[in-house]
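K.L.:
We have chain A; now place chain B onto it with these hints.
The listed protein sequences derive, respectively, from chains A and B.
Taking the numbering used here, the leading residue of the first sequence gets 1, the next gets one more, and so forth.
Taking the numbering used here, the leading residue of the second sequence gets 121, the next gets one more, and so forth.
Keep in mind that the hints were calculated from the coordinates and are not lab data.
Model, not experiment: these values are computed from the prediction.
Heads up, some of the hints might be wrong.
Said to hold, decoys possible - Pairwise CB distance ranges (calculated):
no. : chain 1 : residue 1 : chain 2 : residue 2 : range
1   : A       : 18        : B       : 217       : 27 to 33 Å
2   : B       : 195       : A       : 93        : 32 to 38 Å
3   : B       : 298       : A       : 15        : 45 to 51 Å
4   : B       : 190       : A       : 18        : 32 to 38 Å
5   : B       : 352       : A       : 18        : 28 to 34 Å
Every residue gets a Cβ at the ideal spot worked out from N, C-alpha and C, and that includes glycine.
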Amino acid sequence: MKVAFTTTGDDLAAPLDRRFGRAPKFLIYDTDTESFEIVDNQQNLNAAQGAGIQAAETAVRLGVSCVVTGHCGPKAFRVLTAARIGVFSSDAPSVQEALERMRLGQLRPLLSADMAGHRA
Amino acid sequence: MILAIASGKGGTGKTTLAVNLASVWGAPVQLLDCDVEEPNAHLFLPGRTLREEVCAIPIPQVDAALCDGCGACSRLCAFHAIAVAGATALVFPELCHGCGGCAMICPRHALREMPHRIGVVATCQAGPITLVQGKLDIGVPTATPLIRAVRRQLRPGMAAILDAPPGASCPVVAAVRGADLVLLVTEPTPFGLHDLTLAVEMLRQLATPFGVVINRIGIGDDRVHAFCDREEIPLLAEIPDDRAIAEAYCRGDLIVEALPRYRSLFEDLRDKVAEILKPAGV
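Extracted from the complex, chain B is given alone in its bound form:
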């Protein structure tokens, strides 16, 4: 069972939801921090580091003696990471996604793939929670291969919660694709609604089931509620706008431990998720 937590708008409470849900899961669970540009779930779940693996993507290197500048590689590359100038090909490693297509298509076998480090995948154990996080190296613009590397740590048969990056672009798609259910965390403001709308469009295109969690109830207006009603999107939880929650978060505390009165909120959400996924048998 894979439960992904995404949002559209940043700063709505994805990590808060992910770490607290994982804490009340009641069974061994994997928590995958796919927000590889700024992973932060570990701040709430101090644990023992089990291993750290370097993630590298294959970047082509041109053998100028073999390359005749035919341009097959350049025409194939969707990211323009390889260009042909005169009699040879030039590689732009910062644009390469490491798909390997250019080396495969090169008729003269002039491209050799060399590993190019983009970050690390770290695994920690915090009680029953196995936390896997991707840490993208500073200055690396391409997050998706590292997100896929984090997802390769998914263990079949074990429940997993995925903390996705914000937005509705490639890194989010890489994180949520194939999830059994996505929770979209938003806030009841015009910004929250705007970005929620984009995230909903994205998930509908991916044909992934989803529900909404509204955080910071009490601020803004009721247009997010109206949107969910109109679009028949299940509203699975509402978290109040409480300064005590923000303070606990800032200290790196779990809400379910620092503020026990909110524990049932996360347990109820866990049970609703289980109920939604039960008919699917996942």
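So that you can see chain A by itself, here it is in the shape it has in the complex:
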């Protein structure tokens, strides 16, 4: 199973980015092989609109089963839900910590968007 963590860094020790659409990178962790890769989400940082949608499409394309982030807006949530990707919210300081909590089953699944879009 592949899991996408939003992050600003390049390894497991990096911070978990609270933003979904505008996080600079995804850390894609594969629980089967216990390895990860970093995927750029940079094009979204400066997008005027639709950043969440694009980031969600990236997650879909990467074939992840769930995403772990801080918050998720309504448009991204709609895309992720349609693709049957689980959305989990965490206030963990690092990707590593979020991963531990996920393994312990401590992550909270988001049942709806918990944030208004940045562009009302």
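P.N.:
Below, chain B without anything else, positioned relative to chain A:
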């Protein structure tokens, strides 16, 4: 002949200039209120409503039975208004600009366009002035298709004055594009100068001729004048900072009627505009 009135900074007097210029035009003229998020020219020109037409943009609807999630539509859309999730496409109507590209490119013809109302275009007659205004529905974030709908009411061969929205972004470009001359209304303050600079950059990129009108002369400083000098931008009119003008405006009165001493100011500006446009033959 299309004369557009724009500003950069909001609240500098675009509408004041537009309605008063239209009033001294001396010939039948169209006045297009392209500030569709808050059209207000009608407050100064009460008239008879001739017609009101609904403006709708085509929004795609996905036929899930036909869509195989290939993603061609999503890759095409510059506004991310259509996304592919799993085996189907999802539409975000609030982001769609109604260009129709997705339906055109869909290899399986799975997208059907349905009209989605964004506002109305109203036409009124106030003496020799035909006022066309776009009224964007509340909550609609995309003004440009409605501005283009207002502009489609332009009648060839008839003079038109366009009241543009403030700023220097897409709605302004949609309003002023193709104008024969743009008047940039500003005020002699640091804010006025800052936003004027952005508007000047925008018009230079659009290769549209323009001049500046400074409103509320007497406040602020002389840096707008210095900027126009340095950049060789024609300064076409100066309107003094007069409380009587603000009072007339607040009552919904035309300056040229309520304060006849200012009539010649607008007539002179009209004549200067005509002179600038004469060699172009428009």
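K.L.:
Can you tell me whether the CB distance of residue 352 of chain B to residue 18 of chain A sits inside 28 to 34 Å?
P.N.:
Hint violated: Cβ distance 50 Å, outside 28 to 34 Å.
K.L.:
Assuming the hint says 45 to 51 Å, is it satisfied by the Cβ distance from residue 298 of chain B to residue 15 of chain A or not?
P.N.:
Because 49 Å falls inside the window, the suggested range holds.
K.L.:
Does the Cβ distance between residue 195 of chain B and residue 93 of chain A fall inside 32 to 38 Å?
P.N.:
36 Å, holds
K.L.:
Honestly, do residue 18 of chain A and residue 217 of chain B meet the 27 to 33 Å range at C-beta?
P.N.:
30 Å, holds
K.L.:
Can the suggested window of 32 to 38 Å be confirmed for the beta-carbon pair residue 190 of chain B and residue 18 of chain A?
P.N.:
33 Å, holds
Hint violations for this structure: number 5 only, all remaining hints satisfied.
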